[in-house]
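S.K.: Residue numbers (the working numbering), protein chains in the order written: chain A, 1 to 388; chain B, 1 to 154; chain C, 1 to 379.
Just so you know, the hints here were simulated from the structure itself, not pulled from any lab data. Don't take each hint at face value.
Unchecked claim - 30 Å max Cα-Cα, derived DSBU-like pairs, lysine-lysine:
| no. | chain 1 | residue 1 | chain 2 | residue 2 |
| --- | --- | --- | --- | --- |
| 1 | B | 17 | C | 14 |
| 2 | C | 355 | C | 224 |
| 3 | A | 269 | A | 34 |
| 4 | B | 17 | B | 35 |
| 5 | C | 4 | A | 224 |
| 6 | A | 188 | B | 123 |
| 7 | A | 314 | A | 229 |
| 8 | A | 234 | C | 348 |
| 9 | B | 32 | B | 116 |
| 10 | A | 314 | A | 275 |
| 11 | C | 262 | A | 224 |
| 12 | C | 311 | C | 32 |
| 13 | A | 234 | A | 305 |
| 14 | A | 224 | A | 234 |
| 15 | C | 4 | A | 234 |
| 16 | A | 269 | C | 262 |
| 17 | C | 348 | C | 311 |
| 18 | B | 43 | C | 348 |
| 19 | B | 43 | C | 14 |
| 20 | B | 17 | C | 32 |
| 21 | A | 364 | A | 275 |
| 22 | A | 224 | A | 314 |
| 23 | C | 32 | B | 43 |
Stated by the list, open to error - Where chain B lies over chain A, by a calculated footprint (3+ residues, C-beta under 8 Å):
| no. | stretch |
| --- | --- |
| 24 | 195-208 |
| 25 | 296-306 |
Virtual Cβ for every residue (Gly too), placed ideally from N, Cα, C.
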Amino acid sequence: MAERVAIIGLGQTEHCYVRPDVNHEEMINEAVRKALEDAELSIREVDAVIIANMDLFEGHYLADGMCVDGAGMYLKAGFKMNTGGTCGGTAVATGWHHVASGLFGTVLVIGWQKQDAASSIAALLTAREPLYDRGMAAGAVGIFATMGLRYMQETGCQEEHAALARVIMADNARRNHHAHLKPELTVKQVLDSRVLVWPVRFLHMSPTSCGACALILGNERRAKRAAKKPVWIKDLETVHRENAVWRGGCVEPKPTITAIEVAASRLYKRNGITKPAKDIDVWELYTPSSWALFPWMELLFICEKGEAWRLVEKEAIRIENEIPIEPSGGVVSTNPIGASGMIRVVEAALQLRGEAGEHQVSKKAETAITTAWGSANWVVMFYLSNRF
Amino acid sequence: MYTELLEIVIPLDVNYKWSAGFHLGYFLRSLKEGKIVANRCPKCGRLQLPPTPVCGRCHVGMGEEWIELSNQGTVVSYSIVVDPIYDSGTGDMRPVPYTIAAIVLDGGADVAFFHKLEEDPEKVRVGMRVEAVYRPPENREGLMTDIVHFRTIE
Amino acid sequence: MRRKVGIVGVYQTKFERKPEQHVQDLVFEAVKGVLEKTGLEFSEDGNGIDGTVSCSQDHWDGWTISSKNVVDAAGGHLRSEEKVAEDGAYALYYAVLCILGGHYDCILVVAHTKESQVDGRLIENAGLEPLYSRMLGLDFTSCAALQARQYMEAYGVTEEQCAQVVVKNRRNAMDNPYAQESMILTVEDVLSSAVLSDPIKILDAKPVSDGACALILAEEGKAKRWTEKPIWVEGLGCCYDRHYLGYRDLTDPLSLKEAAKKSYSMAGITIPHKEIDLVELSEFYSYQELLWSEGLGLCDPGGGGRLLEQKQIPINRSGGLLSGVPVNVAGLNRAVEASLQLRGETGKRQVEGAKTAVIHGTGGVCGQMHCVITIRRGF
Numbered sequence: 001m002a003e004r005v006a007i008i009g010l011g012q013t014e015h016c017y018v019r020p021d022v023n024h025e026e027m028i029n030e031a032v033r034k035a036l037e038d039a040e041l042s043i044r045e046v047d048a049v050i051i052a053n054m055d056l057f058e059g060h061y062l063a064d065g066m067c068v069d070g071a072g073m074y075l076k077a078g079f080k081m082n083t084g085g086t087c088g089g090t091a092v093a094t095g096w097h098h099v100a101s102g103l104f105g106t107v108l109v110i111g112w113q114k115q116d117a118a119s120s121i122a123a124l125l126t127a128r129e130p131l132y133d134r135g136m137a138a139g140a141v142g143i144f145a146t147m148g149l150r151y152m153q154e155t156g157c158q159e160e161h162a163a164l165a166r167v168i169m170a171d172n173a174r175r176n177h178h179a180h181l182k183p184e185l186t187v188k189q190v191l192d193s194r195v196l197v198w199p200v201r202f203l204h205m206s207p208t209s210c211g212a213c214a215l216i217l218g219n220e221r222r223a224k225r226a227a228k229k230p231v232w233i234k235d236l237e238t239v240h241r242e243n244a245v246w247r248g249g250c251v252e253p254k255p256t257i258t259a260i261e262v263a264a265s266r267l268y269k270r271n272g273i274t275k276p277a278k279d280i281d282v283w284e285l286y287t288p289s290s291w292a293l294f295p296w297m298e299l300l301f302i303c304e305k306g307e308a309w310r311l312v313e314k315e316a317i318r319i320e321n322e323i324p325i326e327p328s329g330g331v332v333s334t335n336p337i338g339a340s341g342m343i344r345v346v347e348a349a350l351q352l353r354g355e356a357g358e359h360q361v362s363k364k365a366e367t368a369i370t371t372a373w374g375s376a377n378w379v380v381m382f383y384l385s386n387r388f
Numbered sequence: 001m002y003t004e005l006l007e008i009v010i011p012l013d014v015n016y017k018w019s020a021g022f023h024l025g026y027f028l029r030s031l032k033e034g035k036i037v038a039n040r041c042p043k044c045g046r047l048q049l050p051p052t053p054v055c056g057r058c059h060v061g062m063g064e065e066w067i068e069l070s071n072q073g074t075v076v077s078y079s080i081v082v083d084p085i086y087d088s089g090t091g092d093m094r095p096v097p098y099t100i101a102a103i104v105l106d107g108g109a110d111v112a113f114f115h116k117l118e119e120d121p122e123k124v125r126v127g128m129r130v131e132a133v134y135r136p137p138e139n140r141e142g143l144m145t146d147i148v149h150f151r152t153i154e
Numbered sequence: 001m002r003r004k005v006g007i008v009g010v011y012q013t014k015f016e017r018k019p020e021q022h023v024q025d026l027v028f029e030a031v032k033g034v035l036e037k038t039g040l041e042f043s044e045d046g047n048g049i050d051g052t053v054s055c056s057q058d059h060w061d062g063w064t065i066s067s068k069n070v071v072d073a074a075g076g077h078l079r080s081e082e083k084v085a086e087d088g089a090y091a092l093y094y095a096v097l098c099i100l101g102g103h104y105d106c107i108l109v110v111a112h113t114k115e116s117q118v119d120g121r122l123i124e125n126a127g128l129e130p131l132y133s134r135m136l137g138l139d140f141t142s143c144a145a146l147q148a149r150q151y152m153e154a155y156g157v158t159e160e161q162c163a164q165v166v167v168k169n170r171r172n173a174m175d176n177p178y179a180q181e182s183m184i185l186t187v188e189d190v191l192s193s194a195v196l197s198d199p200i201k202i203l204d205a206k207p208v209s210d211g212a213c214a215l216i217l218a219e220e221g222k223a224k225r226w227t228e229k230p231i232w233v234e235g236l237g238c239c240y241d242r243h244y245l246g247y248r249d250l251t252d253p254l255s256l257k258e259a260a261k262k263s264y265s266m267a268g269i270t271i272p273h274k275e276i277d278l279v280e281l282s283e284f285y286s287y288q289e290l291l292w293s294e295g296l297g298l299c300d301p302g303g304g305g306r307l308l309e310q311k312q313i314p315i316n317r318s319g320g321l322l323s324g325v326p327v328n329v330a331g332l333n334r335a336v337e338a339s340l341q342l343r344g345e346t347g348k349r350q351v352e353g354a355k356t357a358v359i360h361g362t363g364g365v366c367g368q369m370h371c372v373i374t375i376r377r378g379f
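Let the sequences and hints guide you as you build the complete structure.
M.R.: As C-alpha cells, then:
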C-alpha cells in the first residue's frame, strides 16, 4: 500500500537578479537550512535528497555533485532530475514517489537556479533542434507572443487585460518578501513598456532570478510528529507533449489537445473535482507571461473557453476574491527557473498552513492546485490539501 | 579581512558535431535543391515538418513517404523581434528589428514552417501570401539558411 | 507488504560510433526494440506502459532540456516522461520507486548518449567545481589517474593487474555481439599503449561510444502475465560522496560501500561473494574494476587484484564499459546485460545457472556517486 505524502518543511531564499555574495552551493544551503528549521529537523533525519535545475544554464555538469555539502547530500541517497522548466515540479514528484514507495520516510527536495552565472537566453537557445530551428529561436517570449495574439483574435480580450493581470501580480508580489520583482505598477505603465515580441511587452515577461527552494516531504508517521501543520500532496500528474514547440499548441493552425488540459482532466477525475473554481481554494500556477494566464485558466477548467479575460477584468483572481491565482506574485514576479516549479508548491503550502502573512488569501484555504510549466508546454500538476 | 566580492568569468567553448540522421538529412539535402519536404506518418497520415524519424503521437517509425510542399504559403502568425538576441551560428547579437513568421505552406502541411519575412514590419499581416527566396544554388549548404527569407507575393 | 517490481524485457543497440544517426533515431531504435521484444505498447487503460523515465545529459546532447529531443521517440506524448540527469542505473532505480509507490504499474526506462559528437573531456572539465578545480584543466581521466595512483600505492596493486582487467574484458567482449571493441590483447599491449594521464593509458580507458538501452518494468501481476522470465528488482541503494578530491580518501569508495550495503540489506544478502552469481559493474578505467569490486564487498580492501586473479565471481562477463559503452547509458546497459544473464539469453557469454546479479552504475569525478541494484531470477 502506498504511503501518503505530506509537506513537513519548506524554505526559499529571497529571490533577486544577482547573488554575487554566494556561490551556487551556498545559495542552495540557505534554502535547505530554512526548510530544516521550518521542519525542526536536522539533516541527519533526512533519508534522501533530490535536486533539480537546468544544468546547461550555469555551465556546470553534474552540479549536484558539486554542491553535495551545501545541499546535505553527503552519504545520502538521491540524484538529480532535469526536465526543463518543469524541473522544480519534477523534483517534487520524484520526492513524492520516494516517500510513497515506503522506502524513505523523510525526503528533501531542492530546486535552484543561479541565473547571474551565465546568459539564460543563450542557454535557452540550445533548447531547439540545432539543424532546424535554432537559428530562428527567439527564446521563450515567442511562445507567449503567439499565445497572446491568438487569444486576442478569438475573444474580446484586449491588451489592457494582460496589463491588468500583470498589475495584480505586482500587487501580490509586494506582499511577499521572497518575491523578486515588487514594482508599483499601473496598467498604463505596462502598456507603455517596450515591446519584445508583440503583444508581449517587457513587463509581461518573468525576470531571470537567482534563487533556491527546498521542501521536506514526510510519510504519515513523520507528518504526525511534524512541527508544523502538514500539507498533504494528495495527487500529481505529469504530462509531456511531443517535440516541437509549434506542436505544443501555440502556432498550430488548428489547435490540438494540450498537456495542461489532459493533466487537469485526469487529476480532477481521480479526485472528484467537478467544479474546479469552487472545489479548489488557491491556484499557484506557473505562468511565465501574463499572456499565458488566460488560455491556461480555461484549459484548467476554471472557467469556460473565452471567459478568462472577463474574470481578470472583474479582478476575481485577486487575493481577496473568489478565485485567487498566484497570490505569491507568480513566476512573472520571480523566476529562478529550476526552482520556480517548486516555489509554486511551497507557496501553496504556506497558504494551506495559513502562514502566507500579507499575501494570505482571504477565503478559507484548504485545497490548492499548483502547476509547473516548461519545454514544449509540458506540465507537472499537484493537488494539495490540508485535510488528511 | 577581504570585503570585495570575487566574480570570475570562465568561457565555456564546446563544439558539437550534430548528426542530421536520415530524415532531417533528407530534408536538408532537399533544401539544397530548392525544395521543402515533409514526411507522412503511416498511421495517422499527419505531415511532419521538420521530418523526423518518429511520429510523437502514434509512436511509429515515419518510414520514407516524402511529400514535397510548395515554396509558397500563408502567414498564420508573425512576430517582429525588437529585443536583440544571440545568433547561435556566430555568437554575435542579431541586428533588429526583424520579423519571424509561422507560415503554412501550400501542399497539405498542417504544421507551420518558421522563417524570416522580407516585408516591411508595418505591412505584415496574418493571411498574407509569401514565397521562399533561396540563395543561388552554388551558395547553398544544406542548412536552413539556404532560404534567405520569404518575400510577399500578391 | 511491499509491491514486487520485475523487469519484463530489455533491449540494447550495438555500441559503436554512429554518425548516420540522429539522437532520435538512437532512442527510437532502443524503445521500438524493447516494445517489439515484449509486445507491449503505451496505453492509458492500464494494459500497457503507463509512463517513461528517460536518462541523458544536456551537456552531452548539447541541448537544454535534452529530453525534449527524446520525448517523441520515448513515448512521452500526453504522458509522464521524467528525465533523470544521472547514470542510467539511477533511472532504473527511480522507475522502481515509482512503481513501488503505486502511482504507476508499468514504466519504460530509456537511456542514450552520443559521445562521438562532442569532446567529452571539456564536458567532464565542466563537471568540476569552477573556481577551485576547473581552471587546473582537470578532467575525469586526470582525476581518475590520481585515484589509480593512490590506490595502487596504498595496496600494492600493480599496473599489470589493471592491464589484466582490460585483457579480460576485451576478450569477454568477443562473446558479446553488442560490444564495440572486442579483441585479444596481452598485458604488454595494454602497458605499451599511449599514456593519457599516468598511470592511465589509452587502453586502460573506456573508448568513445554511441548507443542506447531500454527496459520495461512492471508490478508483479503484470510482469508475470507479460513475460515468462520476470527478473525481480530486490535491492536498491545509491549514495553521494563529497566533491573535492582532497576531502576524500580516494582509496576508500565510501559512497559505493553505502549504496551496496543498502542494496544488499534490502535483498537479504549478507555474504556478497557467496550469494551473488555475477556482477556487471561500471568501470570507466581498468583500476576501477578492482576498486569497485572492493566497494561492492566482494573482497577485502586492497583485495581487488587478487579477486581478479582468482576469478571467483564473474565480473563484467559482457566486456564491461572498457569494451565501449557510452556514459549515462552505462548503468542501464549493466542492467540489460545482467537481466539477459538471468534470463539465460546471453549465448556464448552465459554464466550458467545465474540466479542473483548485482548491477552497478556510477557518476561524478572518481566515482563520487554510486548506484547498486540487486536483481533475482523470478522463474
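S.K.: Any of the earlier hints contradicted here, and which numbers?
M.R.: Hints 3, 7, 8, 12, 16, 18, 22, 25 not satisfied by this model.
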